[in-house]
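If you want the building blocks of each chain, they are given just below.
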Amino acid sequence: MSQPLLKVENLTKLFPVSKGFLRTPTDFIHAVDGINFEIQPGESLGLVGESGCGKSTTGRMLVKLMEASSGHVLMSDKTHTDDLIDIANIPNDQMKRFRRRVQMIFQDPYESMNPRRTVFETVSEPLTVQNIGSLKEREERVSEMLRLVGLAPPDAFLFRYPHELSGGQRQRVAIARALVLDPSFVVADEPTSMLDVSIRISIMDLMLKLADEFDVSYLYITHDLAVARYMCDRIAVMYLGKIVEIGDTEEILGNPQHPYTKALLSAVPVPDPSFKREEVEILGGITKAINPPSECRFIERCPWAKDVCRTSDHPPLEDKGDGHYVACHLVESALTSA
Amino acid sequence: MTDLGQRAPEPDLEANAEAVESQEIAKAQSLWQIRWALLRRSFRNNWKLFRRNRIGIAGLVIIGFFATLAIAPSIFFATGFWSTSVYDPVTGLEPNPPSQQLEIVQTVTDPNTQIDIRQVLVDGRINGNIGDVIDVTLQPAPPYGKHWLGTDPLGRDILSQLMYGAKAAFGLGILAATVTVLIGTVVGSVAAFYGGKIDAFLMRLADLLIMVPGLAILIVISAVVRFQLWHLAVVIGILSGFGGVAIVLKSQALAVKVKPFVDAARVAGGSNARLIVAHIIPNVMPLSFLYMMFTVTSAIQSEATLSFIGLLNVDMSWGLMIQLANNQGYLLQGGRYWWMVFPAGLAVTFIAMAFFLVGRAMDEVVNPRLRKR
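Chains as they are written, first to last, in our numbering: chain C, 1 to 338; chain A, 1001 to 1373.
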């Protein structure tokens, strides 16, 4: 395999649970608990999971909006293609350069733009901050970006305020802002979940088109498997701070191995009422995220849990062939007897 | 200023103005022209919201009235309508105070002191008999043609003093409000943005300043230094800027700080200073302006109080006018010398009220949830 664009090693984020004033916290929420994955240049990885499983926390750590508690995020350096640099060790004077390469698209288009700034000011802000180009050049660049994201003619949008735009238009502006610096990696945190269904597909098409044009990789965070399938080359399924299954999109969706993935897939509505498929009933409630026990995180909901699951630690991600990794003790044994 | 949400049906004139501005934006050569056009547009939209509110308009009318009063004396003196020797609020003197002819109808002798009380009341020096008609100089003089609001015990024009007082009140109020808002906005935003120790320090400081009684502090300061009007403005500005206003603006800034657009700016590489100046402060600014209005009110009231106790080193102000009336014993006369007390007192009341009303009306512009719909 070629040099990855981004490599995540044992990334962990613990949030202390406050026990009162001036007391050292002893309890931690394990929001992200030792996850590993790689993203190749130009490849999009979908991060799928339920609310609170740590998807957004992962995304925010990758763009350094949040410091990791432990573990590393390694990113290829454009100038020395062989080296991966740890983003935690980037000196302050080189942070701006790092920011050029990594951008983020936020979930809520209504909150992700400063209501007091015009579209031009919003989209040109990365250029201004990075001191790129003269005012005239910035204006041209912003116009070009607006045209690329489908806000044409740009002149009609440049000097509007966010409240004068629709949700879809705002998200297009947000995409223009994220791509104006020509980054190589963009974290997209559920960019379509707040949009009308009718607009969703056009925004996703736009993101796919621009991924090609700008040669950018997405980490696409979503809770919607259909969206992940449409957008991503590979999918990682997260459950309670752990990645439980990762692999190529079609492989994951066509041949799910982990019980949680199976449950997720069986919950996707099918438009054919006569279609019968394997029903996976998950049990119980979510294991608590505060100081979770060491055994498999999914154990309380798993319909197939065996003794081995209760006696051993959370299973590691194991290769099941073709880059399909699963974290389950039972995958090799008979799991089909549902 | 804020998200307008809904638009009222607009008359043609405004639609035209909007169209003209859109053309200006399209044709504009520089960014500044565009910004100017956008500013005008947002101002007009906010004015539309403000205008719906009658109490806000009432406040503006009162403020306009006092502003006219504040400007008037300069014009009167420049045009020669008033001569300085007569109408100067501090050194002026009415050379020919009006007099009144009184007929002595009765003399009463105080049984203890054997002094003729009726005569003493009219003029200590005259002796007269019942039926005599005597001239009595009226000083303080009640309002008459030459002095529309009468004169004070020193023969100075009350209207002129009232006008100078208006000027002092505006200067003081606006300076105090500006200092308050500057300090409050910066302190609140910085505390909210950095959190932790900086936040703890600034907020404990704010608690301290809220805890100490403002008037007592002002009295102590004025005992130590000669207290000019602008000193007072700065002190009031610091007290309320570091105190209550900083706390309110901090809570607002906390709400802004967690908005994704701040994260977006950080991801773009924006420094902390940029995040505060370009993203947080502009979004707490409307609230700052609101508090500016309320600070004007409290500054003017503090000035009146301090002048009244005689602790302010000021040539002429409304508080001083009332203090004079009090010192010379004209205050507690059951309203007999109303022209020395009521104009200044009502002026303080009305201008404080006017700024408060404007503040309330602005509150509705700034805070869409308060709007009636």
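Careful: at least some of the hints might be erroneous.
[Said to hold, decoys possible] Simulated coverage check for chain C against chain A, where a stretch passes if three residues somewhere in it have a Cβ under 8 Å from a Cβ of chain A:
1. 211 to 220
2. 243 to 257
[What the hints assert, rightly or not] Chain C is nowhere near these chain A residues, computed Cβ spacing over 12 Å in every case:
3. A1037
4. F1065
5. G1092
6. H1231
7. V1258
8. A1265
9. A1278
10. I1281
11. M1285
In short, the hints are calculated from the structure, not lab data. Built from N, CA and C at the ideal position, the CB exists for glycine as well.
Please name the hints from earlier in the document that this structure breaks, with their numbers sorted from lowest to highest.
1, 2, 3, 7, 8, 9, 10 and 11
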